[in-house]
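Engineer: Work out the full structure: start from the sequences and follow the hints.
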Amino acid sequence: MAYIKGPTTELKYSVSPIPGNLDAASFSVASSSDGNVAYVVIHKNIVNIAFVSGGVCTQEQAPFDAKNSFTTITQAKWCFLRSGRKVLVLTSHSGIKFMAWNGSSLLHYDPIETPADSYDQRYAKGVATINDTVCVGTSDGPIKVFNVGADGSVVFVRQLQGHTAPICDVCTDGGRRLASSDERGTIIVWSNPVMNAESEMVITGKGDTPCTCLGFWQNMLIGGFGNGKICIYNSENGRTMVEILAHGRWINSLDVSENGMLLSVAEDCVASVWSLPRKEDPKVHLVFSVTMTDHILCGGKFCDPQAKQFAITAYDVNDIMSFVKAN
Amino acid sequence: MSMRSLPVLFFSLGGEMLYILDQRLKAQKIPPDRALKVILDIVGRMLEDKCLKEIFRAQQVFSKRALKNIFEQLAQSSIMKLNRTAMDKLYDLMIMAVKYQVLVSKSGREVLLATLNHLDTIRGFVALSPPHVAMVDKACLTFKDFFESQSSAQLMHLRHYLLLLFQDTNKRVSIFLKNNSQLPSGRFVLPVGGPLPYTGEAPGAIRYLNRGGSYTEESFIGAHCYELAEGAGSLDVHGDRVTKLGCNMYGADTAESSITETASKQMPVDGYSFVKDELNLLQRLLMPRPLPDGNTFKLKLFLDDQDEELERLPSQDVLQLNPTVRGKAQLQMIMNDLLSVETEHGASMGDDLLDLLDSATQ
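Residue numbers (our numbering), protein chains in the order written: chain L, 1 to 327; chain S, 1 to 362.
Hint data in this document are derived by calculation from the structure and do not stem from the laboratory. Quick caveat, the model's predicted, so the values are computed rather than measured.
In silico BS3-like cross-links for lysine-lysine, where the CA-CA straight-line distance does not exceed 27 Å: (1) S:Lys144 to L:Lys206; (2) S:Lys99 to L:Lys12; (3) L:Lys12 to S:Lys171; (4) S:Lys64 to L:Lys12.
Structural biologist: Spelled out as structure tokens, the structure:
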């Protein structure tokens with residue numbers, strides 16, 4: 001299986017050097033039977049939102065705060081809730097914003113303040129959805145849990161305490177479980193954050209290697225690290241099963257598709273697609289790798305559940321580049 | 001965002017400014033005592049205690065413009081006088097040089113080491129003045145204390161924030177074009193493979209771990225060839241920085257660097273372009289002090305420097321150059337682009353720039 005170069009989407013503003021700087025989602029459009037993909041990419045304090053339908057691209061831009069434009073957005077992610085509602089969550093150094101899915105209106109703002117003269121500016125980063133709940137990581141370590149109603153109302157529910165270092169990423173297994181990682185490389189699995197604040201399992205990090213991105217697939221938890229390694233853990237007992245020496249630089253993003261393909265992008269300019277272990281084949285395979293010459297890759301996402309297409313972003317570039325599975 | 005970016009920016013940009021000024025002072029055969037005074041005056045202002053204290057205070061740097069004001073004041077604090085156009089080009093060169101160093105750094109720690117390379121070279125410039133050497137040493141020590149407890153993640157945040165500040169700045173610099181570090185589009189060439197970050201392992205293996213701690217390993221063909229890092233690099237006042245980033249690339253025989261615009265990207269008009277009161281105190285500390293009349297001289301940084309203030313030329317569209325073309329052919333195309341500026345505006349800068357670019361290719 002291999003991929004070939006696919007369509008490029010040109011953005012109005014260039015891509016900022018933020019790990020995980022790309023989200024992609026399929027939105028159904030009644031008038032078109034073609035694949036519809038929407039992308040959201042951060043440019044400093046603004047998000048580029050691009051909708052591609054039937055080969056035609058339309059774009060919008062939304063600032064985090066039109067009145068105060070000095071913040072940096074740390075993540076932009078769509079959350080698909082069980083109620084059918086879709087929201088766009090933006091995290092930043094100023095706070096967390098829940099917005100309409102196209103960025104057109106604000107539903108809720110949860111501010112973050114940093115004490116004056118502090119060297120460590122506080123921020124939020126890491127967004128994941130469980131049912132009608134959105135979990136957001138913070139630089140202090142706690143994970144904030146919000147309930148989003150079908151009417152768009154947002155209510156803070158609780159904090160998950162366990163991390164003592166800034167959160168890098170959070171993800172869900174598609175059911176009730178949440179996993180979170182931090183800058184010391186510690187990974188925590190939470191059994192049911194919607195109902196309680198208890199952690200189920202802790203994989204303690206070695207200290208100075210952050211786990212920059214996470215993914216779940218079946219009974220596996222996958223972590224990408226700042227030293228270029230990808231580790232695959234048993235998600236029930238935390239045992240490290242596989243260690244992949246995947247990249248020569250900081251890994252900025254991982255994404256896992258529903259059929260068990262793993263996309264990794266890193267500062268070594270390489271995007272790689274891996275096949276995860278499964279019952280019929282317990283090995284990891286590198287199925288595709290591409291070097292985007294002179295491009296530090298910031299974000300990578302599969303555009304569909306079967307990994308037929310993936311998209312990547314690179315620092316200081318106005319394009320979202322994509323690759324499609326070759327026949 | 002990073003609240004610790006100013007020391008890296010101040011010392012790195014200041015270092016680049018001093019490299020260029022030093023090279024031009026020597027190339028134009030300014031008498032050594034006057035040339036040394038220029039350097040000592042600037043270094044003295046940069047590293048005086050009040051400035052150091054302000055530089056290491058927790059504060060955000062939002063824009064390149066506020067930084068530019070600081071370096072304009074620094075440059076004016078000596079007996080040397082620069083005209084507006086020269087100062088603008090000087091600043092652009094400084095920014096592009098530091099952007100390259102940050103971009104190519106394999107880790108946040110390497111950004112710090114590159115900054116220390118700047119301070120080490122500045123120490124060499126002021127070696128004849130023990131008080132100034134002491135100031136450089138103090139700056140190095142303060143820098144080390146400020147950063148040594150930062151984690152790799154915090155340093156990577158710093159690196160990413162610096163890249164964010166330099167985002168969308170892609171001016172062509174002749175010295176980078178000449179040594180194939182930059183493409184005609186303005187994009188920097190990123191080395192692939194080569195030394196790993198300290199403690200990094202080369203990609204190419206998949207390890208299946210057994211319960212006892214051992215593992216079986218299979219290999220895959222990695223995208224590039226890597227080698228182990230030589231070492232972590234020292235943050236001490238004196239030490240082996242390991243990296244060459246941040247060292248002086250303007251040797252005595254280096255031709256003057258030219259800098260040209262590339263096609264401008266769309267950028268939103270937002271608070272990043274200017275923040276009221278940004279770096280206010282530092283700017284006040286570096287305000288030029290009055291100098292005795294008759295003690296100043298003008299320094300030509302670029303061959304096209306005019307005595308009068310030049311009206312800014314509008315940006316030109318970039319020719320769609322073949323990005324694979326390197327070397328003299330590529331420079332010829334850039335010269336043609338610049339010549340079109342001359343034809344349109346009647347300025348007499350083309351010939352001097354041709355000489356400059358010709359010498360850069362020899």
